Amino acid sequence: MTIDRDKLLDIYTRTMKVARADEKFRGLLAGGSLAVIYYTVRGQELVSAAMMAALEPSDYLVTTYRGQHDQIAKGVPLGPLFAEIAGKATGTCKGKGGSMHITHPDSGVMVTTGVVGSGLPIANGLALASQNRGDGRVTVTCFGDGATNIGAFHEAMNMAQLWKLPVIFFCQNNRYGEHTAFADHTKVESVVARAAAYGMKGVQVDGNDAEAMYTVAKEAVDRARAGEGPTLIEAMCYRMMGHFFGADFSYMPKEHLTEMAAADPLPRLRKLMLDYQFTEGELDAIVAGIDAGVDAAWTFAVESPFPDTSEIRKDVFEEEIVA
Amino acid sequence: MSGKFSMVAAINRAIDEAMAEDEGVILLGEDVAAKQGGGVFKISSGLTEKYGEHRIRATPISEQAIMGACVGAALAGFRPIAEIMLMNFVTVAMDQIVNHAAKLRFMSGGQTNVPLVIRTTTGVGVGFGGQHSDMLEAWFAHVPGLKIVTPSNPADAQGLMRSAIACNDPVIFIENILCYGMMAEAPEAGHRVPLGKAAVTREGRDCSIVTYGRTVIDAVTVADQLAEEGISVEVIDLRTIAPYDEETVVASVRKTGRAVVLHEAVKAYGTGAEISARLHEALFNELKAPVQRIGGAFSAVPMANALEQAWIPTKDGIKAAVRTTMSWKA
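In order, the protein sequence lines correspond to chains H and V.
Quick note on numbering: the first sequence equals residues 90 to 412 in my numbering.
Quick note on numbering: the second sequence equals residues 673 to 1002 in my numbering.
Computed, partial: chain H to chain V, Cβ under 10 Å:
no.: 1; residue: Tyr149
no.: 2; residue: Gly186
no.: 3; residue: Thr192
no.: 4; residue: Pro194
no.: 5; residue: Gly208
no.: 6; residue: Arg222
no.: 7; residue: Thr228
no.: 8; residue: Met248
no.: 9; residue: Leu251
Because the hints were derived from the structure by calculation, they are not lab data.
Predicted model only: the values in this text are computed from it and were never measured.
No residue lacks a Cβ here, since even glycine has one placed at the ideal position from N, Cα and C.
Sequences are here, hints too, so could you generate the full structure?
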């Protein structure tokens, strides 16, 4: 036992909330009761839960279109989240953003971007504000291995280290950038190897190992909060489905699928919980409670009204556009 | 301050005043701090000594990182100013400007906003060639969520900069290199010019020239020259290019019945096309002639002075356009 038992319970609860919400969405999409683009987070539940469990609610998060795990684990309430994805007026963004643009400052979720790599420079700015204010906040920016070949990644890493910003570059290396395998998009052996190019501390970790993932996350958060600068974390994980829900993933080799199934974080975490002396009954009760919340959130989304068309003229500028 | 001051001093003064009032006003850009000489054009001269390197941040040559950091700081409640040395380099940061700064207020349903000023300079006429001279305002005017401002004189530069920093939405502030040395009477401290309000720089009865930035100076010269021929020209300085002061423009053209829209940017698909179209929509039956447009030629800005002077709108060209409206036979 390398981490606090209560902290592990916290990680488990966040993980299962992400997992049950994701399963709910896949069911809705498969059953035809929802028709939206959805980037499933199956396989990446735990990496995110362990990272967010190391943060305070007031810490900032910048994530990407495959970000539902990050948003839920950071604390975005499910009702407004689901309503947003369904395009309802009660959504986090009044239905104007959708799943790729979830924003919820009360939970610290400042930006969700649909453009690969664009969140990293923005995270630096949030961290810069914290540095100047001395408010002790830490900013985490999530991205995949596919984002590490775009210029914004390199510019942002260099600037963050130059200014010792309280920011964590959290790469969830799920081994594929869209349909392209890691080895087919760079000759660098790992993402973490790139940290050296900027004089930055980099740590690679098995993201599906709850104890290791949390320990690495906590250390990076503590460093950032203490003013010791940024960390690049490369959390190894798997994207267990296609690029988006319903997308073909026959391009993944058979050996990869076998390896991926063996690494599934959900059964592995359940086993760890039992090792930490939680009982099957306790874990089932937690999941049942989560399921009730997930169902209630979806009901809230379904029963909510669509936004009024006058919303098109609002929030373009501070002042409303004259019709 | 009293007496004359330059455009550079005006912009410096506005930023200085805003920084003194609000800790959240910060400046990021290449070479902007004291150690690098206060910027290539000295706009931030003396500010590091007053406000420190944590607020005047000299950056690496990384336009995406500069713009992204300013977007992030703005989301956190700061009022950052991004200095992008030359307007053509803004293209490197387009994703941050167009996909993020402009849209985050809307996409978040109004939960966040981006009070950011993007300062940038440009200008045709100094032989900088194709990648250091463009006026790209029309690109940004096409993006909902961005405001675009350009001063034609030092007093407006001070007043517009103060308003741009105070604005709760992203503002692109375009300076013209050729105007930096322009001297004028300094206004009072704290002087502000509201965004979205045009100035009637010169009143006239026969034809309205609608323009902004450096070409305001040409328009006024042309108005003086045409007055000698008995043609009374009104000059409208938009000051805010987008969203522009349509009320003032329409009122002027309703009075004169004739209009020439003038800008330094390439004429094709320029802001002049939008302004002309809207004038025809609003005043079709009152116009005495079709609205004329004048802008740069349809090529990259050339380097050779002979070519550059042929590329840019000329005073003779402006006069000819005004005369076309005056002699139009329906």
